[in-house]
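S.K.: The primary structure of each chain is shown beneath.
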Amino acid sequence: TQLLEQSPQFLSIQEGENLTVYCNSSSVFSSLQWYRQEPGEGPVLLVTVVTGGEVKKLKRLTFQFGDARKDSSLHITAAQPGDTGLYLCAGGGRGSTLGRLYFGRGTQLTVWP
Amino acid sequence: KAGVTQTPRYLIKTRGQQVTLSCSPISGHRSVSWYQQTPGQGLQFLFEYFSETQRNKGNFPGRFSGRQFSNSRSEMNVSTLELGDSALYLCASSLEGGQLYTGELFFGEGSRLTVL
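Protein chains in written order, with this note's numbering: chain D, 1 to 113; chain Z, 1 to 116.
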């Protein structure tokens with residue numbers, strides 16, 4: 001059973017389009033992180049959100065943490081081929097599971113020129 | 001500063017063999033975590049070490065084990081390999097691990113294990 005559900009699993013779009021990736025859970029997390037992974041490499045952290053309702057912007061990427069700290073979304077404006085990759089959300093454990101991240105299965109994004 | 005280094009990058013084993021993977025964290029990072037990544041299951045948490053102590057463990061059989069040394073370098077071992085153990089094994093380090101609420105991880109490039 002996956003604690004974090006990401007949707008969609010695959011996304012194939014044209015350069016210039018906008019997109020949103022969702023990360024949902026029934027559990028509350030201490031923090032929510034988004035990573036991007038490219039083939040042959042490990043995931044690289046994009047952003048961490050810790051406060052319910054928090055919104056963070058990283059150039060064309062906008063990240064939002066749900067008010068109840070159970071879900072998050074990643075919105076990309078005017079996608080570019082360089083945005084292609086596997087996007088992973090990860091929730092931070094609490095209490096006895098502090099120090100552990102729970103990952104979603106990821107959204108494979110392909111942006112065509 | 002140098003990133004997380006994992007060795008070997010690729011390896012092929014046969015069923016029943018055992019394997020040891022190594023991870024050198026970023027200098028100054030005391031927490032090391034291990035994850036297994038497969039296409040079907042995504043990233044699954046194996047265990048986390050902090051100051052040579054296993055602090056968290058995922059739901060993997062006892063064939064999967066690990067340890068951390070005094071210099072924070074870590075190794076994981078898988079004994080009696082099965083076909084289903086074929087995966088990318090990722091090591092990640094963080095400054096304080098669970099002591100910081102953000103728990104941000106810095107990943108290595110992984111060790112790709114193929115079991116035949």
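Calculated directly from the structure, the hints in this document are not laboratory data. Just so it is clear, CB atoms sit at the ideal spot from N, CA and C, and this is done for glycine as well. Incorrect hints may appear among the rest.
[Claimed, not checked] Here are the computed lysine to any residue pairs in the SDA-like style, where the Cα-Cα straight-line distance is at most 25 Å:
no., chain 1, residue 1, chain 2, residue 2
1, D, Lys70, Z, Arg73
2, D, Lys56, Z, Glu104
3, Z, Lys57, D, Val44
4, D, Lys70, Z, Asn59
5, Z, Lys13, Z, Glu104
6, D, Lys70, Z, Lys13
7, Z, Lys57, D, Val28
8, Z, Lys57, D, Gly16
9, D, Lys70, D, Glu15
10, Z, Lys57, D, Lys56
11, D, Lys59, D, Leu3
12, Z, Lys57, D, Ser27
13, D, Lys59, D, Arg36
14, D, Lys59, Z, Asn59
15, Z, Lys57, D, Leu3
16, Z, Lys13, Z, Ser24
17, D, Lys70, Z, Thr5
18, Z, Lys57, Z, Thr5
19, D, Lys70, Z, Gln44
[To be verified] Each pair of labels, with its calculated beta carbon distance range:
no., chain 1, residue 1, chain 2, residue 2, range
20, D, Lys59, Z, Gly16, 47 to 53 Å
21, Z, Thr38, D, Leu58, 26 to 32 Å
22, D, Pro39, Z, Thr14, 37 to 43 Å
23, Z, Arg9, D, Lys56, 32 to 38 Å
24, D, Pro81, Z, Glu109, 19 to 25 Å
25, D, Thr110, Z, Arg73, 33 to 39 Å
26, D, Gly53, Z, Arg63, 42 to 48 Å
27, D, Gly53, Z, Ser86, 27 to 33 Å
28, Z, Glu109, D, Leu58, 34 to 40 Å
29, Z, Leu95, D, Lys56, 28 to 34 Å
[To be verified] Covered stretches of chain Z, going by a simulated chain D footprint (3 or more residues, C-beta under 8 Å):
no., segment
30, 40-50
31, 76-87
S.K.: Against this structure, judge whether each hint is valid.
M.R.: Each hint, compared with the structure:
1. D:Lys70 / Z:Arg73: violated, 34 Å
2. D:Lys56 / Z:Glu104: Judged against 25 Å, a Cα distance of about 16 Å means the pair holds.
3. Z:Lys57 / D:Val44: Holds - the C-alpha atoms of Val44 of chain D and Lys57 of chain Z are around 23 Å apart, at most 25 Å.
4. D:Lys70 / Z:Asn59: holds, 22 Å
5. Z:Lys13 / Z:Glu104: violated, 32 Å
6. D:Lys70 / Z:Lys13: violated, 40 Å
7. Z:Lys57 / D:Val28: holds, 20 Å
8. Z:Lys57 / D:Gly16: Status violated; Cα separation ~43 Å.
9. D:Lys70 / D:Glu15: Violated: Lys70 of chain D and Glu15 of chain D sit about 31 Å apart, past 25 Å.
10. Z:Lys57 / D:Lys56: Distance ~31 Å between Lys57 of chain Z and Lys56 of chain D Cα, so the pair is violated.
11. D:Lys59 / D:Leu3: Judged against 25 Å, a Cα distance of about 29 Å means the pair is violated.
12. Z:Lys57 / D:Ser27: Holds, at about 19 Å.
13. D:Lys59 / D:Arg36: holds, 15 Å
14. D:Lys59 / Z:Asn59: violated, 38 Å
15. Z:Lys57 / D:Leu3: Given that 25 Å is the threshold and the Cα spacing comes to 16 Å, the pair holds.
16. Z:Lys13 / Z:Ser24: With Cα atoms ~23 Å apart, Lys13 of chain Z and Ser24 of chain Z stay inside 25 Å; holds.
17. D:Lys70 / Z:Thr5: violated, 33 Å
18. Z:Lys57 / Z:Thr5: holds, 22 Å
19. D:Lys70 / Z:Gln44: holds, 19 Å
20. D:Lys59 / Z:Gly16: 47 to 53 Å: With a Cβ separation near 50 Å, Lys59 of chain D and Gly16 of chain Z satisfy 47 to 53 Å, so the hint holds.
21. Z:Thr38 / D:Leu58: 26 to 32 Å: holds, 29 Å
22. D:Pro39 / Z:Thr14: 37 to 43 Å: violated, 26 Å
23. Z:Arg9 / D:Lys56: 32 to 38 Å: holds, 33 Å
24. D:Pro81 / Z:Glu109: 19 to 25 Å: With Cβ atoms ~22 Å apart, the hint holds.
25. D:Thr110 / Z:Arg73: 33 to 39 Å: holds, 37 Å
26. D:Gly53 / Z:Arg63: 42 to 48 Å: holds, 43 Å
27. D:Gly53 / Z:Ser86: 27 to 33 Å: violated, 42 Å
28. Z:Glu109 / D:Leu58: 34 to 40 Å: For Glu109 of chain Z and Leu58 of chain D the Cβ distance comes to about 23 Å; the hint is violated.
29. Z:Leu95 / D:Lys56: 28 to 34 Å: This hint is violated: roughly 20 Å between Cβ atoms.
30. 40-50: Satisfied; 7 residues make the cut.
31. 76-87: Check failed, 0 qualifying residues.
Of the numbered hints given earlier, the model fails hints 1, 5, 6, 8, 9, 10, 11, 14, 17, 22, 27, 28, 29 and 31; all others are met.
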